[in-house]
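The listed protein sequences derive, respectively, from chains A and B. Under my numbering, the first residue of the first sequence carries the number 1, and numbering increases by one thereafter. Under my numbering, the first residue of the second sequence carries the number 1, and numbering increases by one thereafter.
Each statement offered as a hint is correct.
Derived EDC-like pairs (lysine to aspartate or glutamate); straight-line CA-CA distance at most 20 Å:
# : chain 1 : residue 1 : chain 2 : residue 2
1 : A       : K54       : A       : E41
2 : A       : K7        : B       : D135
3 : B       : K69       : B       : E81
4 : A       : K54       : A       : E79
5 : A       : K7        : B       : D127
6 : B       : K69       : B       : D58
Example chain B residues on the side facing chain A (calculated, C-beta under 8 Å, incomplete):
# : residue
7 : A151
8 : F235
9 : D259
Distance ranges between label pairs, derived from CB positions:
#  : chain 1 : residue 1 : chain 2 : residue 2 : range
10 : A       : Q28       : B       : T158      : 17 to 23 Å
11 : B       : P199      : A       : T89       : 50 to 56 Å
12 : A       : D173      : B       : P71       : 36 to 42 Å
13 : B       : N256      : A       : L162      : 15 to 21 Å
14 : B       : I49       : A       : R233      : 48 to 54 Å
15 : B       : L82       : A       : D173      : 36 to 42 Å
16 : A       : D129      : B       : F36       : 17 to 23 Å
17 : A       : K59       : B       : L82       : 47 to 53 Å
Worth flagging that the hints you see were computed from the coordinates, not collected in a lab. C-beta atoms are modelled at their ideal positions from N, C-alpha and C, and glycine is treated no differently.
One letter stands for each residue in the lines below.
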Amino acid sequence: MFEFLLKRLASVVPTLILVSVLIFGLQQLLPGDPAMVLAGEEQDPTVVAYLRVKLHLDKPLPVRYGYWVAGVLKGDLGESIRSQEPVLTLVLQKLPVTVELALLAFAIALLIGIPAGVVSAVGRGTAWDALANGFSLWGISTPNFWLGILLIMLFSVQLGWLPASGYVSPFVDLRANLAAMIMPAFVLGNGIAGVLMRHTRSAMLQVMSADYVRTARAKGLSERVVVLKHALRNALTPIITLGALELGTLLSGAVLTEQVFTIPGFGKLVVDSVFNRDYAVVQGVVLVTASAYITLNLLADLAYFAVNPKLRS
Amino acid sequence: MNAIAMPTSPKQAAKREAGPWRRALRKLTRRRSALFGAAVVLGFVVLAIFAGWIAPLDPIATSWGDIRKAPSAAHWFGTDELGRDVLSRVIWGTQASLLAGMVSVSIALMLGVPIGLAAGFLGGAVDLVISRITDAFLACPFLILAIAMAAFLGPSLTNAMIAIGVSATPIFVRLTRAQVINVKVEDYVEAARAVGNPPWRIALRHVLPNVTAPLIVQATLSVAAAVIAEASLSFLGLGQQPPAPSWGSMLNTAKNYIDNAPWMAIWPGLSIFLLVLAFNLLGDGLRDALDPRQR
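Work the whole structure out from these sequences, hints included.
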């Protein structure tokens, strides 16, 4: 077990190094002299000269990468050209909002996707199965920013039940926070629910034909107990592991959802930075997102390992 | 598909391959949902190609007297904030979406398949390096990477397609590599090696044709993802630039007029949904028809 953990942890290191090369390489995509681009429209020669020295643009590429990585390792992701604030501070300010949105969305996805998958597998070939499959296709095929607009039309404009935009901290007013977050969380969770439904259906169908489920039925247990206690419990492991891989979709989706509902989170930060040509912030956001994704995947792998007796032995 | 042993002439090989492909096509045509998907995709392709003939009005012609008019006999889908005909813009917008879907997946295929083939076929250090680089790309969520690339390359439809194509490449690298690793140990590959075929010929003539089925399925599903990605980038202002029509940018404008011109948001969104749904249905159908495990 210890060997597996070490191997899995060790495999993260080269990935992280290559991710850092990739993100550093993004800067090289800037057309022309990065210092001129970063200096904004005025391109003040003093600012250009300052940036050239600050970003080590007069040094060879590998040396520049070395400086950048050394900074990242010390928590220095650069500075926002727009607000002059450290990128890490900006990211840490916005992160809790996106984390809350992502957690709520994932909870909604689990609450919808898993029951829909179970119903679909248990009633294979019935109208319920068709309905659940239709729901899954709807979730996978609907652009979440469009769904967001449709929900705003219905629940904010027509019915006036929920706010169309904005964010209130849960520590200030929990009710207002939930009212503001429920629509975006549903929008974000909808697509992932569709994917989770498919994973659940396929895992349940596999488990339902296993010997131990047949034995449970032969013992005379009720269908409810067979499905929920014997089948679903065993099917949950791959579902959760595969579900964890959807966290990347969640982070990507958050960018669009936050834009539709004007939520001041991580996604809005990256979009605003793109339009302000605040490239250090864009790089910082991608780096933090990728690191979070790698860590979550690692945790999902470890969780899979921990709950799977076959792997442990 | 994998059962025949000795390398033969291309004509004979084509004859031999016709069997499983024809079977797959028969299976595909028996699935009504896949046929529906194919029909909708075909419909959108026709719209995109003949947009100039089908669209009733110029998609970028503004009319100050027709600002945000509700759907009517003159403007079936209504007009937008500059008095432009929404139906004409939706029809012309098909071009951007389909183009982005096809071009970006072609980029991903052109980069991903040879790289995956090299990794799987050559193995060793080449495989190790390629796999690690692929892992690094996959560690960056698809849309976040596409947004970052589009931001650094500059906002335009071409750059959006490049960004989406490059971001989608690792999936094809990984898929091709996995398939090649399975296929290269088959008897017919060993036989091809035994009769003295050079490695490049074995890879191209004997391995590659036998890994195409899952690649076709993945490519179809990736077009659906690419259409959403293009709409997302355009929604954020990083794709097609105004005044050229694109479904994503139309939705971006529409969100500012939700309360007084809801039709501006309904039709472009519905078009994205229909096209993506059609590719997903077609992809699911192809998977059932081509994937031997489903058979």
